[in-house]
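Let's have the full structure, built from the sequences with the hints guiding it.
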Amino acid sequence: MTGLSLKRTLPLLGVALMFLLLLMPLSALAGEVEIRLSEAIGLSKSDNLGKVVLDPGRGYMTMTIATQTGPLSLVDVDGRTVEVRHGAEVRTNIGNMSIAELEQVGFVLPADFDVRATEEDANGFGSILFLLLPLMLILGLFFFLMRAGRGSAGQSQASNFAKSKARLATPDMPRVSFTDVAGAEEAKEDLEEVVQFLKDRRRFQAMGAIVPKGVLLTGPPGTGKTLLARAVAGEAGVPFFSISGSEFVEMFVGVGAARVRDLFEQAKKQTPCIVFMDEIDAVGRQRTGGMPGGHEEREQTLNQILTEMDGFEANLGVIVLAATNRPDILDPALMRPGRFDRRVALDPPDTNGRKAILQVHSRNKPLGPDVELEYLAKETHGFTGADLANLMNEAAILAVRRKKMTIDMKELEESVDRVIAGPERKSLKVNPMDRETTAYHEAGHALVAHLLPQADPVLKISIVARGSMGGYTRLLTEDRYFMTYSKLRDTLATLV
2 MTGLSLKRTL PLLGVALMFL LLLMPLSALA GEVEIRLSEA IGLSKSDNLG
52 KVVLDPGRGY MTMTIATQTG PLSLVDVDGR TVEVRHGAEV RTNIGNMSIA
102 ELEQVGFVLP ADFDVRATEE DANGFGSILF LLLPLMLILG LFFFLMRAGR
152 GSAGQSQASN FAKSKARLAT PDMPRVSFTD VAGAEEAKED LEEVVQFLKD
202 RRRFQAMGAI VPKGVLLTGP PGTGKTLLAR AVAGEAGVPF FSISGSEFVE
252 MFVGVGAARV RDLFEQAKKQ TPCIVFMDEI DAVGRQRTGG MPGGHEEREQ
302 TLNQILTEMD GFEANLGVIV LAATNRPDIL DPALMRPGRF DRRVALDPPD
352 TNGRKAILQV HSRNKPLGPD VELEYLAKET HGFTGADLAN LMNEAAILAV
402 RRKKMTIDMK ELEESVDRVI AGPERKSLKV NPMDRETTAY HEAGHALVAH
452 LLPQADPVLK ISIVARGSMG GYTRLLTEDR YFMTYSKLRD TLATLV
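Mapping to our numbering: the sequence shown position 113 is 114, numbers consecutive.
FYI, nobody ran anything at the bench for these hints, they're computed from the structure. Check each hint, because a few of them may be wrong.
[To be verified] Taking lysine to any residue and the SDA-like style, the derived pairs with C-alpha atoms no more than 20 angstroms apart in a straight line are:
(1) Lys189 <-> Pro349
(2) Lys200 <-> Arg176
(3) Lys214 <-> Glu190
(4) Lys189 <-> Lys200
(5) Lys427 <-> Gly445
(6) Lys427 <-> Ser469
(7) Lys461 <-> Ser487
(8) Lys200 <-> Ile42
(9) Lys189 <-> Asp342
(10) Lys46 <-> Leu73
Predicted, not measured: the structure shown is a model, and the values here were computed from it.
Right under this line is the structure:
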């Protein structure tokens with residue numbers, strides 16, 4: 002071999018050797034059984050686990066099986082049941098989770114676990130990186146020139162957006178249960194069937210019953226749609242994928258549909274599971290026959306959702322929960338049976354529901370002896386669950402500001418005013434004439450409400466400026482669903 006040919010051959014041999022060194026750890030891991038993190042957590046809580054080695058650099062954890070009762074049956078990441086014997090090694094993907102985060106999600110680490118992060122490995126990786134650095138610079142320069150020459154990087158950027166942005170909450174993390182949801186008893190009863198199916202689907206299959214593939218939660222903002230969906234996942238103890246409808250849509254055509262496919266592919270590997278789409282009206286709006294191209298991306302995303310929910314391939318064990326406060330604008334194909342089979346309506350709670358919600362949000366708050374939650378529930382007609390949670394939080398903040406040890410009824414009353422009208426404008430200077438005019442005005446509302454027999458009783462009169470109001474008169478309104486002519490006439494007279 003001549004000197005010139007040797008000079009040409011050595012760089013090629015060096016590059017080949019470097020790639021072999023990089024591929025060796027990957028090939029060593031290829032023969033191991035890979036299981037899900039939830040399966041590994043259950044395995045760690047048994048007596049069938051021996052040595053545990055953490056490899057944070059590659060995001061894996063290797064476990065040695067130590068069973069004395071014969072082979073174990075485990076479920077790998079593809080959903081297949083495999084048998085492993087004593088001394089076999091299995092691995093699971095831990096990403097960038099730390100030891101504290103592993104213990105927080107429920108993994109029980111043995112006392113003699115090992116972390117694969119030695120100085121020799123770091124030096125070896127540094128030498129490989131030093132050898133690859135020139136090649137990486139050349140490839141980076143080549144990519145930059147190609148990108149600049151093309152003039153548009155839309156397609157290359159769109160390929161990076163194809164992955165779903167859904168967030169996965171594992172069953173071992175702290176969850177919300179039905180006891181944390183109050184004021185929606187009928188909705189909880191409808192969703193109890195979904196929970197029972199996820200826990201034991203064989204009972205339904207034995208009766209020939211099919212659980213709804215999709216459940217649509219509708220209601221005004223703040224009524225607890227998202228909270229109720231989290232409670233279903235918490236009661237069932239299954240993986241919970243959550244994503245907003247707006248996260249599917251991008252400026253590049255086809256990205257939303259690719260994200261939908263990736264989301265359901267991830268969900269199929271974690272069955273049974275729940276996929277929750279919040280604000281689904283962002284992609285589920287009714288399709289129109291207008292000018293083409295304006296909404297092509299959104300329509301492609303909607304078509305992919307329709308196909309995944311009830312298409313040629315069935316998604317067994319994947320239940321879709323969706324929430325919206327605009328069910329009237331959703332596409333009819335999305336609302337038909339087979340996709341969203343059941344609609345659960347959440348309305349603002351009544352007096353009993355508001356009292357139950359106040360009890361939930363006051364569990365960890367020291368209340369004074371004069372606090373009457375039932376009376377407070379009657380005061381807060383029209384409040385949603387989010388409003389009541391905000392009311393209790395505002396009362397706690399006021400109690401801290403006033404250096405009190407308990408939350409008294411005075412703080413709760415003022416919190417009602419803050420939620421309805423805003424904080425008190427103490428810095429606003431009102432001249433005596435304007436204050437007198439406001440007093441006459443509010444006294445007129447109160448006097449008419451007091452004299453008319455069908456008007457609601459007067460609860461509070463204020464001439465203190467709050468928000469954009471110079472004063473207000475608050476009535477004690479009862480829960481009612483019908484209104485007579487005389488009641489409507491007296492109400493209008495009070496308002497006018």
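Evaluated hints:
no. : hint              : result
1   : Lys189 <-> Pro349 : holds (15 angstroms)
2   : Lys200 <-> Arg176 : holds (16 angstroms)
3   : Lys214 <-> Glu190 : holds (17 angstroms)
4   : Lys189 <-> Lys200 : holds (16 angstroms)
5   : Lys427 <-> Gly445 : violated (24 angstroms)
6   : Lys427 <-> Ser469 : holds (13 angstroms)
7   : Lys461 <-> Ser487 : violated (23 angstroms)
8   : Lys200 <-> Ile42  : holds (19 angstroms)
9   : Lys189 <-> Asp342 : holds (16 angstroms)
10  : Lys46 <-> Leu73   : holds (14 angstroms)
The structure is inconsistent with the numbered hints 5, 7, although it conforms to all the rest.
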